[in-house]
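Engineer: Okay, here's what each chain looks like letter by letter:
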Amino acid sequence: MLTASGTFGYGREYTDFIDLSDLGGIIVKGTTLHPREGNAYPRMAETPSGMLNAVGLQNKGVDYFVEHIYPEVSQYDTRVLVNVSGSTVDDYVACAEKIQALDKIPAIELNVSCPNVKQGGMAFGVSCEGIASVVGAVRKVYHKHLMVKLSPNVTSIADIAMAAEAAGADSVSLINTLLGMSIDAEKRRPRLSTVTGGLSGACVKPVALRMVWQVAKAVKIPVIGLGGISSATDAIEFLLAGASAVQIGTANFIDPAVSVKVVRGIEDYCERHHIEAVSSLTGALEI
Amino acid sequence: MLTASGTFGYGREYTDFIDLSDLGGIIVKGTTLHPREGNAYPRMAETPSGMLNAVGLQNKGVDYFVEHIYPEVSQYDTRVLVNVSGSTVDDYVACAEKIQALDKIPAIELNVSCPNVKQGGMAFGVSCEGIASVVGAVRKVYHKHLMVKLSPNVTSIADIAMAAEAAGADSVSLINTLLGMSIDAEKRRPRLSTVTGGLSGACVKPVALRMVWQVAKAVKIPVIGLGGISSATDAIEFLLAGASAVQIGTANFIDPAVSVKVVRGIEDYCERHHIEAVSSLTGALEI
Amino acid sequence: MTKRIIDLRLVEKREWPQAVLLKLRSDVEPLPEAAPGQFVQVRVDQSPATYLRRPISIHFIDRERRELWLLVRKVGAGTRAMADWPLQTRVNVVFPLGHPYTLPKASKKERCLLVGGGIGLAPLLYLGKMLHEQGHHPMFLLGGRSADDLIQLNEFEQYGELCLTTEDGSAGIKGLVTAHPVLQGPSPDRIYCCGPKPMMVAVARYARQKGLWCEVSLENTMACGIGACLCCVEDTVEGHRCVCQEGPVFNINQLKWQI
Amino acid sequence: MTKRIIDLRLVEKREWPQAVLLKLRSDVEPLPEAAPGQFVQVRVDQSPATYLRRPISIHFIDRERRELWLLVRKVGAGTRAMADWPLQTRVNVVFPLGHPYTLPKASKKERCLLVGGGIGLAPLLYLGKMLHEQGHHPMFLLGGRSADDLIQLNEFEQYGELCLTTEDGSAGIKGLVTAHPVLQGPSPDRIYCCGPKPMMVAVARYARQKGLWCEVSLENTMACGIGACLCCVEDTVEGHRCVCQEGPVFNINQLKWQI
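As they're listed, the protein sequences go chains A, B, C and D.
Counting from 113, one number per residue, gives the positions in the first sequence under the working numbering.
Counting from 113, one number per residue, gives the positions in the second sequence under the working numbering.
Counting from 12, one number per residue, gives the positions in the third sequence under the working numbering.
Counting from 12, one number per residue, gives the positions in the fourth sequence under the working numbering.
Careful: at least some of the hints might be erroneous.
[Stated by the list, open to error] Partner residues aside, some chain C positions facing chain B, computed with beta carbon under 7 Å:
#1 Thr13
#2 Lys14
#3 Leu63
#4 Gly238
#5 Leu241
#6 Phe261
#7 Gln265
#8 Trp268
Bear in mind the hints are in silico, worked out from the structure with no lab data behind them.
Every residue, glycine too, gets a C-beta built ideally from N, C-alpha and C.
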């Protein structure tokens with residue numbers, strides 16, 4: 113069980129509520145080669161059983177991360193992964209190289225699916241050629257575990273996943289947010305400064321589950337499932353659909369202790385169903 | 113304001129609750145050249161703020177419609193459109209021709225986006241070539257208003273809409289359902305007999321709004337918006353995003369009188385905002 | 012019978028470990044006409060997990076008091092939210108829905124066996140009352156896992172004799188309803204049944220073997236409740252039929268069950 | 012101050028046309044330490060329209076009774092659901108959150124003007140109490156559209172003098188808070204402000220012109236409330252800053268408002 117990028121800050125935002133060592137790992141928020149101020153406010157709109165966000169990869173850049181954040185997060189008694197974003201292939205490569213130098217970061221999650229930034233990666237993530245170019249280039253320089261986060265805003269996510277696998281990805285995580293929009297009918301204005309934004313939360317779970325199921329059948333590398341998980345039951349559904357692990361995202365906002373509850377809940381489920389290894393749930397859906 | 117295909121039966125299911133003449137029109141359920149028994153039970157799963165269905169175009173075929181249903185629905189004091197589905201281009205063409213012969217049916221909605229049937233049209237609806245082939249062929253034989261219902265399960269719905277427009281569509285309606293999945297974690301089984309199904313309801317509204325906005329910018333023909341509309345406010349959001357009209361779908365299941373309430377609510381909104389013609393709302397979003 | 016969307020008010024509530032009885036009153040207008048075996052679609056706005064209405068069978072109608080009684084098993088988010096309703100809650104329902112149980116002609120007095128399992132006993136109270144009023148002789152055969160499931164017995168008693176079974180033997184005969192000796196006695200003219208599917212299949216098998224008339228009430232997952240969405244279909248001898256519209260009550264001869 | 016997720020119980024409720032006062036008690040443990048200007052994130056499970064928690068400022072803390080008071084404007088689905096809570100409702104909150112108002116040093120007694128508009132008066136009660144306890148001289152300048160908005164006045168009176176304005180003149184001086192003659196009198200040492208943005212901008216402009224110290228409390232739309240989601244950012248002289256973590260209270264010199 114990992115916490116999803118962009119929903120868990122750098123972990124320290126949650127230490128009042130949970131013990132990070134209870135988690136399988138955390139994925140710290142989208143990091144880019146250069147600092148980014150992100151999009152203008154407003155960046156968030158609540159939707160039925162979900163929310164739209166348009167943060168736009170606000171972060172202080174990879175150098176700041178290496179210098180000021182890494183020393184702190186490297187002390188955590190949990191795995192720390194870094195989500196890497198960029199506008200060009202060169203940006204991704206340069207950023208990945210800098211993270212590779214950090215001993216205590218065992219993996220990166222390549223974000224080729226951020227819908228909130230012009231040139232924010234989603235352009236790469238919606239075509240097989242695009243994803244192959246980024247993943248291939250990063251693979252050449254990055255020798256630890258390379259996870260690639262996939263966009264759901266595509267006709268065939270299985271094709272995209274296969275392209276990532278062929279280009280050298282060690283695993284794929286899905287889904288990133290669905291591109292959505294919210295309008296204030298009284299003011300006749302969009303609710304986000306960027307007009308469109310990324311939809312997440314319980315509302316997207318059916319779509320995420322379907323895509324995990326499709327991708328797990330299409331690739332041999334591990335699939336990490338996310339999208340609307342807020343309980344152990346949700347997590348187990350993703351495992352059954354073919355995920356080897358899951359991430360918890362938006363639910364952290366609603367219950368800052370949800371991640372640990374999901375971990376405990378999966379243990380309870382396994383005990384109740386006499387399952388020795390959680391891994392035996394992966395793809396165990398009976399069709 | 114129309115009621116969406118597959119959510120309003122043949123209209124008669126709702127006459128205890130509303131006066132059909134209060135509606136702009138109804139779109140009767142997916143009709144195919146040959147009778148179809150539809151998919152096996154279970155066909156429905158509730159999801160957060162939405163539902164999945166996998167009905168699979170159960171209907172008695174176009175000949176039965178012409179002979180037994182048309183005489184009844186042609187008496188309604190409202191526009192009656194027929195949603196036409198098929199597995200092959202020839203099926204669509206043959207079905208459209210039979211409907212064309214019916215005086216009181218001013219338009220068909222071509223369903224190239226049903227996710228619940230193998231060869232159920234969605235294969236046509238997810239590529240520009242696919243949609244052009246069906247729309248073009250039907251256009252040749254069908255001379256009344258040809259509305260084409262688009263699938264949201266695509267990378268660029270604007271491209272698909274432009275292909276439909278180029279092939280002769282008079283309007284496009286969107287979105288059909290998002291392909292989703294639901295799992296019973298305790299039984300380790302899918303909740304639908306078909307494993308995947310179509311997601312609809314309030315949860316999809318942000319995605320639908322975004323797609324209507326994208327398509328309205330891309331085509332010149334009218335755009336009919338649907339996806340999660342359950343109130344006048346929802347409907348107005350779609351108009352502002354660029355829709356010329358809206359359809360109400362899943363909300364009919366929750367409140368059988370919702371369609372009339374939406375009509376009244378739009379009137380109230382226009383009065384409150386001193387809007388003389390509803391049509392002035394179309395695309396009036398201030399960016 | 013015209014279907015209506017109507018606001019009722021929760022005026023009385025009684026709770027058991029597994030179930031809750033909700034008495035809903037119409038303050039303004041008389042309740043619509045409804046028949047035993049029909050159901051209502053209840054709106055449950057109080058939980059984010061309940062997007063659709065909840066179909067609940069009519070437990071009883073007290074026409075004088077304008078009360079609709081629902082007996083609800085607390086099984087999911089929707090039904091638990093219903094059980095948490097405080098008194099005076101405004102409850103929006105659509106009813107009456109579906110095809111009711113077939114009553115015998117009033118002219119010929121018939122012996123009717125009403126078999127209910129678990130929360131399936133709910134629709135049998137109003138059915139028993141109607142049968143009793145028409146001069147028939149209803150007998151209730153009610154089964155549950157334990158005594159906790161056998162509820163509202165004082166109500167049932169008003170309209171006919173009770174035969175009880177529980178799986179754990181905590182009340183009545185130990186075992187399933189099919190183990191009750193009443194089934195070995197004289198055959199009833201009609202069997203009306205509602206409960207979990209394995210139990211209904213067992214009762215249907217008994218009826219088929221004895222050549223008895225038997226109606227069962229199904230509870231397939233549904234969305235609209237009015238025959239529009241085609242989600243709740245049952246495979247019948249005439250093809251897929253909507254449980255909400257052409258059911259929930261079917262004669263066992265209409266079904267393609269393996270009995 | 013450690014943030015906590017804690018279950019409280021609704022023990023008292025008072026309702027006005029636009030707002031509701033909720034008194035929430037901790038039955039088990041003492042309330043966490045919290046300071047004026049901080050807020051809580053309230054879970055509202057009772058409505059399908061409230062997916063996220065609702066950020067509500069701390070109106071008052073009664074430490075002896077372990078009570079947290081929230082003064083909530085009934086403005087959307089979430090706050091209306093809160094107003095409908097029956098007594099005894101279990102309410103899950105995360106708190107204390109955010110950066111509080113800056114209190115003067117206790118050694119130097121200061122004159123403090125607490126300016127609240129509409130529901131923005133909520134955080135000023137606890138602030139006024141703390142200032143009063145430390146021997147400062149809080150004065151409350153409270154404005155609303157009409158007398159309906161000027162609520163809890165008997166509570167405010169315990170801690171300082173009241174100056175009131177209403178737009179319709181139904182209570183106090185007719186006009187906006189900036190029209191009140193108290194602003195023409197001797198300048199306060201500190202101004203604390205909370206209310207609609209145009210009102211806060213007007214107060215900030217007044218403070219800037221007079222060269223006075225002024226803190227305002229923002230209420231940007233937020234998701235997490237703990238600095239993780241970066242949705243509620245305000246453009247400050249140091250760039251985008253989270254209102255939930257580095258605010259909600261900002262000195263006006265930190266903001267890039269046009270004042």
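Engineer: If a hint holds in the structure, say so; if it does not, say that too.
Structural biologist: Results for each hint:
1. For Thr13 (chain C), the interface hint holds, since its Cβ comes within 7 Å of a Cβ in chain B; the closest pair sits about 5 Å apart.
2. For Lys14 (chain C), the interface hint holds, the least distance from its beta-carbon to any beta-carbon of chain B being 4 Å, beneath 7 Å.
3. The closest approach between the C-beta of Leu63 (chain C) and any C-beta of chain B is roughly 5 Å, which is under the 7 Å cut-off, so the hint is satisfied.
4. The restraint placing Gly238 (chain C) at the interface with chain B holds, with a minimum CB-CB distance near 5 Å, inside the 7 Å limit.
5. Checking Leu241 (chain C) against chain B: minimum C-beta separation of about 5 Å stays under 7 Å; hint holds.
6. Below 7 Å, beta-carbon pairs count as interface contacts, and Phe261 (chain C) has none with chain B, the closest being about 14 Å; its hint is therefore violated.
7. Checking Gln265 (chain C) against chain B by beta carbon gives a least distance of about 15 Å; that is not within 7 Å, so the hint is violated.
8. At a threshold of 7 Å, the smallest CB-CB gap from Trp268 (chain C) to chain B is about 13 Å, leaving the interface hint violated.
Checked against the numbered hints listed earlier, the structure breaks hints 6, 7, 8; every other hint is satisfied.
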